[in-house]
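Trainee: Here are the chains, one letter per residue:
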Amino acid sequence: MRWGVIVFPGSCDEQDVYDCLKHNLRQKVEFLWHKDRLSGKLDCIVLPGGFSYGDYLRCGAMARFSPIMQGVIEFARKGGLVLGICNGFQILCEAGLLPGALTRNASLQFVCRQVFLRVEETDTPFTCSGKKGQLLKLPVKHGEGCYYAEPATLERLRKNRQILVRYVDGKGRTSPSANPNGSLEHIAGVCNEGRNVFGLMPHPEDAGEKLLGGEDGLKIFSSVIAACDKGEKRAWPG
Amino acid sequence: MARVSAKRYPQPSINADIIAGHGLSGEEYQKVVKILGREPNYTELGVFSVMWSEHCSYKSSKIHLKLLPTEGPAVLQGPGENAGVVNIGDGLAVVFKMESHNHPSFIEPYQGAATGVGGILRDIFTMGARPVASLNSLRFGSFDHPRTPYLLGGVVAGIGGYGNCVGVPTVGGELLFEESYNANILVNAFTLGIAEKKRIFKGNAKGIGNSLIYVGAKTGRDGIHGATMASEAFSEEAEKRRPTVQVGDPFTEKLLLEACLELMKGDSLVGIQDMGAAGLTSSAAEMAARGGTGVDLDLSRVPLRERGMTPYEILLSESQERMLIVAKKGREKEVQRVFEKWDLDAVVIGKVTRERMFRVLFDGCEVARIPVAALTSEAPLYHRPSERPQGQDELQKLDLEKIEEPKDLGASLKLLLDSPNIASKEWVYRQYDHFVRSNTVVAPGADAAVIRIKGSEKGLALTVDGNGRYCFLDPYVGGILAVAEAARNLACVGATPLGLSDCLNFGSPERPDVMWQFSQVIQGMRDACITLGVPVVSGNVSFYNETDGVPIYPTPTIAMVGLLPKVERYVTPWFKSPGDLVVLLGRNREELGGSEYLKVVHGMVKGTPPWIDLRLERAVQQSCLKAIEKGIIRSAHDISEGGLGVALAESCIAGPEKALGVRVELPEMMRGDARLFGESQSRIVVSLKGKDLSRLQEIARKEGAPMRVIGEVGGAHLVVHPLVRLAVDELKSMWSSSLERRLSRRN
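Chains A and B supply the protein sequences, listed in that same order. All residue numbers for the first sequence refer to numbering that gives the first Met the number 0, where the first residue is 0 and numbers rise by one. All residue numbers for the second sequence refer to numbering that gives the first Met the number 0, where the first residue is 0 and numbers rise by one.
None of these hints come from the bench; they were simulated from the model. Just to be clear, a hint being listed does not mean it is correct.
To be verified - Subject to a maximum C-alpha distance of 30 Å in a straight line, what follows is the list of computed DSS-like cross-link-like pairs (lysine-lysine):
1. B:Lys701 - B:Lys690
2. B:Lys701 - B:Lys625
3. A:Lys130 - B:Lys657
4. B:Lys575 - A:Lys136
5. A:Lys209 - B:Lys731
Using the sequences and the hints given, assemble the complete structure.
Mentor: Put into structure tokens, the structure is as follows:
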């Protein structure tokens, strides 16, 4: 399968995603420049973390207007897999590909630390290699990761089982201290109704090697690989 | 010679007030007149004032700095360039430097600290290196001082706000509070980059006729040298005094970083330099000086942010995120194409000339014409008077018999672990991204940070250390101890020093007592560097850190970088498993002078700092390193502030997992407080499996380092028999929440 990693002006984690895919998972991966039109055959597009356009306006608010985003939206509509990490998650929300919004952390401070995620759903291409209730240890590093959505939207997310990962403690329990940013319902990541677009705040690409503290992040990427290998991505059409 | 058009650019005539307002002495002004063979015009005076300022010229420190060893087999570039460069093999080099941003951070903590980070990042990528790790060394006033929480919050947010956005991890640092910094905080920022050894770029204006290209952000009136205050008298419309602190734009920095590194892959670039202090003036003049050339600058072409800027303002602006590039003649378009891709300005503003003149044009008029050497090598140089202060002897007097030993040493240990200088700094470093670039092996909170080098087995260790209190009590010994501790911290993770960068933070060089401190610190640093084999490859001097005539403690901060031949062999400071033996490398001595204990428990800053024998120091470090290399060390922790008691406690509680207890015997015949809290140097606490003990003994014997088994990991308590018994869970929660607790109480 082929991966594309978008480089926005101000992206910071594109190299980490690239290296993780290429060196840890031996994947075919290429960078996509934000000013270009989306072209070529890709199976999964990653919007990496960072501070696109400096995040001076509202996180992700400028990047959604980058020329490449029109192509990403069409790609997603056709059922293509799109993964947004951190700033990428924010951009996907701004672009309307994912519901809700990411607001300032409850602490009003940037937060960088290891967190535990609990896998809530496994019938998506991003979590299919995991088990329900499985814990993943990943780092977060963001100033605006507090997930917010209207009550009606939240209700719909629950009903459609779109909440894929939640912040929990080392024993798998949700608690205020295990939630690094005050997200509603401890939400760390959600997918769209079609289950082919996934956004999460923690960084799987920075948890891809034992030397760096763990390889739980590979679970996310290898789920995508497994799903694509089985051609199952068509099981989640938009 | 075409003179400044007085009609078009009315410049104030120069008088004694204006000269003084520019910080030039009468003697210095006479030197200017002699060099030029005439009176300078106002613009030229501004140029001289910044280039001859202490900050740019090092006029008071240069003769002392020459004492420091700057060479070594692996050193590719010592001081004098934008940053130092050291060979690490495999065709790669590390490029690193530390710089101070003290005054701006006190005036405006967020922007001051942010632009400090921005400046040091540019110093690194301007040399062709991708920045991969940052550190910072911070000093604030007493925690109870009303301004401290505000300054701390602002500085930390500023460092994070800038570094995080540019995508460079902040992997370590140090933070201390002391009354001495109440009105003069220290913000020293360090960055390290990795470059291909053969593709190091320098600030060099070579090749007559080559183009000078201005790249990056536009120029505004921000940060114009403090000397500009003199211009208030000159301005017709009473222009409001602008803040002298620059405003950082990390997004533009990120674009500039990517654009510069992209440009450096080609061969159109001849030289490049950050427009840092003294902006366009210093970057152009310094590049010409290094290239043995001159420059013609046409200021009318400089991209401006505001209208009506005068040549004086354009030359002296310290607007951030700008670079000056020397590109091969005829290749300018290539440069411009790269910067266009990143949506940045790239404008040809001048050329390299033969006649070694710093020549500035504006609207077709020559507004400055100064020999390059006059601004650089011929700047004034001072051997300032220095004198040991009267009160130094009194300061060093410490009669231990008059210091009552607390009955409950456990309570003293808790007091220390809860004190801001020793408590966990997690509240600070969790605001810094320390994961980005996915290289971080040992994150903040250990003796030194460790990053791996992608595509190689090797790793780098980084630490920054400095104890102003020791230097205040004895600057010579303090200088030694700063270097020794940094090297010891590297040894504790398993790294051999490659080199160091220093920030020398002192009071006014015009005071003989401060100059004495300065020269003593340098001599101490030199002796330690030579014995421990660590070259000084870059650094900066920050004088005038004083308020109301009271200088700060003399504070050299030492950022040291080390190499781990096999990164997976790294060691962390916390205990690993019950049953491991605890060994003390080095020797306990009965000394409490200058200790954190004396300050926190007895409220005293007195005595002489700990004694040090550099040969013993070396033996202890080598033993630790060799044992780590053999893979027999499970944890290693340097003993520093708070002594053995604090070091043991930290090994129990500082790890990311659950706290582990330890049982230690300390039967020595000396006071209990000295045993627990004395800060004797050249000591490391290591833990290892019992079966490996004889191998460690063998190594220590060969190196000549004393060692002794002092206890065993296990249980739920920190037991130092017969002095202390404390539950580690309680210590951990107290130590890890102290800073946050204190801050929330204040808000």
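Trainee: Compare the structure with each hint and give your call.
Mentor: We went through each hint and held it up to the structure:
1. B:Lys701 - B:Lys690: Holds, at about 19 Å.
2. B:Lys701 - B:Lys625: holds (11 Å)
3. A:Lys130 - B:Lys657: holds (27 Å)
4. B:Lys575 - A:Lys136: holds (20 Å)
5. A:Lys209 - B:Lys731: holds (26 Å)
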